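Colleague: Spelled out from the first residue to the last, the chains are:
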Amino acid sequence: MTNLFLSIDAGTIDWSRAQFALTAIYHWLFVPLTLGLAVIMGIAETIYYKKRTDFWKKTAQFWQRLFGVNFAMGVATGIILEFEFGTNWSNYSWFVGDIFGAPLAIEGIVAFFMESTFVAVMFFGWKKVSAGFHLASTWLTGLGATISAWWILVANAWMQYPVGCTFNPDTMRNEMTSFVEVALSPFAIDKFCHTVISSWIIGAVFVIAVSCWYLLKKRHTRLAVQSIKIAVIVGFIAALGAGATGHKSGQTVAQVQPMKLAAMEALYNGGNEMDLTMIAWVNPIGQPDYTNEAEPAMKLAMPYGLSMMATNTLDGYVPGINDLLNGYTKEDGTVEPSADEKIARGKVAIQALADYRKAKAEGADEATLNTHLSTLNNNYQYFGYGYVKDKHDLVPSVPINFWAFRTMVGLGCLFILFFGLVLILIFDIPMVSLIFRRLFSALGLLDERSADATAPADAMPRWLCWAAILMLPLAYICSESGWLVAEFGRQPWTIQDMLPTWAAVSDLQSSSVMITFFLFLILFTTMLAVEISILLKQIKKGPDATLNDK
Amino acid sequence: MNKRNFLYRTFDLYYDGFRHMTLGKTLWAVIIVKLIIIFVVLKIFFFPNYIGERTEKGDEPDFVANELIDRALPDSP
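So the protein sequences, as listed, match chains D and H.
Quick note: the first sequence uses the working numbering, first residue 1, plus one each step.
Quick note: the second sequence uses the working numbering, first residue 551, plus one each step.
Derived from the structure by calculation, the hints contain no laboratory data.
Note that the coordinates shown come from a computational prediction; the quantities given were computed from them, not determined experimentally.
Quick reminder that beta carbons are idealized off the backbone N, C-alpha and C, glycines included.
Hints may contain errors.
[Unchecked claim] Computed footprint of chain H on chain D; a stretch qualifies when at least three of its residues, placed anywhere within it, have a C-beta under 8 Å from a C-beta of chain H: (1) 132 to 140; (2) 299 to 313; (3) 352 to 364; (4) 507 to 520.
Next up, chain D with everything else stripped away, as it sits in the complex (with noise of 0.2 Å):
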C-alpha cells in the first residue's frame, strides 16, 4: 500500500502537476463568483428596470461594483494556464494543440470582445445610454462570461473525452475532423450545465452572506433583506439543478471514464445491482489495497443506488476497479479488454508509430508506410496505455476522489436545506415560517421577539446569519472538491486513455518548477489578499458609494 503524502517525489511530473492544479483553482476562486454574481446583478437591473426607483438602482449597482472587483482580480489569471501548456506541458500541447486551441482562441476572441465591451457599458454608461441597453449590457456581460465559460470547458471535456479528431504521424497532431463533435460533445454539455449551475450557487451564497453581515451589523437592511430574497431563489434553483446535472455527469463519466467512477466510490470489485456508499472508512492519506480488500470498511450504502445513478436501472453493471484493470464482459456482450492487452496494445500503435516515421525517413514504398499506418490506426484507441509499466498507474488516487466526491455532494446537500430553510424565513411563508420561528424559540435559537416578529430585518435569526457567512468558504469548498473530482479522477491521463502525464510533461529540471511553484503561491497569495481586502473594504462601505461615482 502506498501512502500519497509521502510517495510525491520531488520529481517534474509532480511539481509540474502541482504548479498547474495551483494556477487553476487560484483561477477557480474567481470564475464562480463571476458567473454567479452575474445573474444576481442581472435580476437586480432588471428589477430597477420595472420599477425605476433609487433604491433598487443602488441595489443594482452595488453588487456590480462587487462584480468588477472579482473580475478585475481574475482577469489574466488564466493566461497563466496556457503559459504552463507550452513550458510546462510541451509535449501535450504539440500533440493536441489543433484541438485543445481551438475553444481556448475562441475563449479569448469572444471574452475580449463581448466582456470589454458590455463591461465598460455597465460601468460607464449608468447616465449615457438608455436603460434598456444598459439592461441588456448587464446581462451580455454575464452571458459572456458564461460563453467564455463554455469554450474554456469545451476544451476541458475534450481531455476527459477525446472525440471529433484523427492522428497525423507526419505532424504528430491529433488534428480536428469534426467542430461539432468536439464543440457540442455530451460531456462537455453535462460539464458545462454542471459548473455553471453551481457556480451559481456561490454567488447566492457570497450575496447572502455579504447581506447577512449587514443584517448583523443593522446597517442596509432593506437591500440586505431584498438581496437575500433574490440570491435564495437564484441558490435554491441552483443546488436542485446541481443535483440534477451531477447525476447527468455521474452517468457520462460512468459511461466514458469508469475507473473515475470506480476510485470516487472505492469501488474495488464491480457487479449487478450495486449500492451507492454514502459513507465509509477510506483512509485519506493511503491508496487502499483495493486488490485484496472486498469493499471499504464501515460502508453505508443506499441500494442499487449505484446502478441507478450510473446506469438508470436498478440492476445495471458497473465495474469496479479490479474489473477495469483485469477486463470484463459489458452488458451489451463486448468484451472490455484487461489493461495489461490494452498496454500490450499501446506499444504495438507507438511501435508502428516508430516504425513509420523512420519507413518514411528512408523514403520507403508506399506499401510498408500502409502496413505501420495500419497497425497504428487499428490500436491507436490504446495509444496511450503503451506509456504504463505498471497497471496499477492507471488508478486514480481512491482517497481523493472518494472524499471530494463526498465533500461536494454532502455540501451540496447541505445547501439546498440552507436555501431551504433562508428560503422560508425570508419570505414568511404562512405556517411553515411560523413553525420553524417557535422551533428555533424553543431550541434557544431566537428570541420570543422574532419568534412571533416577522419585519423582514429581522427574519433572519443571528445564529443564521453567522451561518449564512459561513456557507461563504464552504460553497468555495464545494466548487473546488468539484474540480478534484474531475481532474484526479482522469489521472494518470492528460488526454483520456491516449496521453499520460509522464509522457506529456516536458523534460524541465524538476528544481526550475518548484522555484516556480513557490513563486506562484507567494504571487497568488498576495494577489488573494489584494483582492479580498478590497472586496471587504467595498463591502464596508456599503451601497451608497458607486463605481463610476462623480
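Go by the hints and put chain H onto chain D.
Modeller: Just chain H now, with coordinates in the frame of chain D:
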C-alpha cells in the same frame, strides 16, 4: 464632431468613464501590475516556448516524435 455621432458617443463613454473612475483606478492599477508580472516577468523569464527553443522551425514533429517514442520505447533506434 457631431455629439450624436455613434463614434463620438462611444469615445465619450470610455473617455468620460475612465476620467471619473474612483474604485476603477485601484482596480486598473492592480490589473496593470498583474499583466506586467504575467507577460513581462513570468512569460519571459519563467515560461519559454520549450519546443521552440530546442528545435528549428519545421522540425517540431521530429522533436515531439522522438520525445513520445523514446519515453515508451527507450531502446527504439
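Colleague: Report the numbers of all earlier hints that the structure fails to satisfy, in ascending order.
Modeller: Violated: hints 1, 2.
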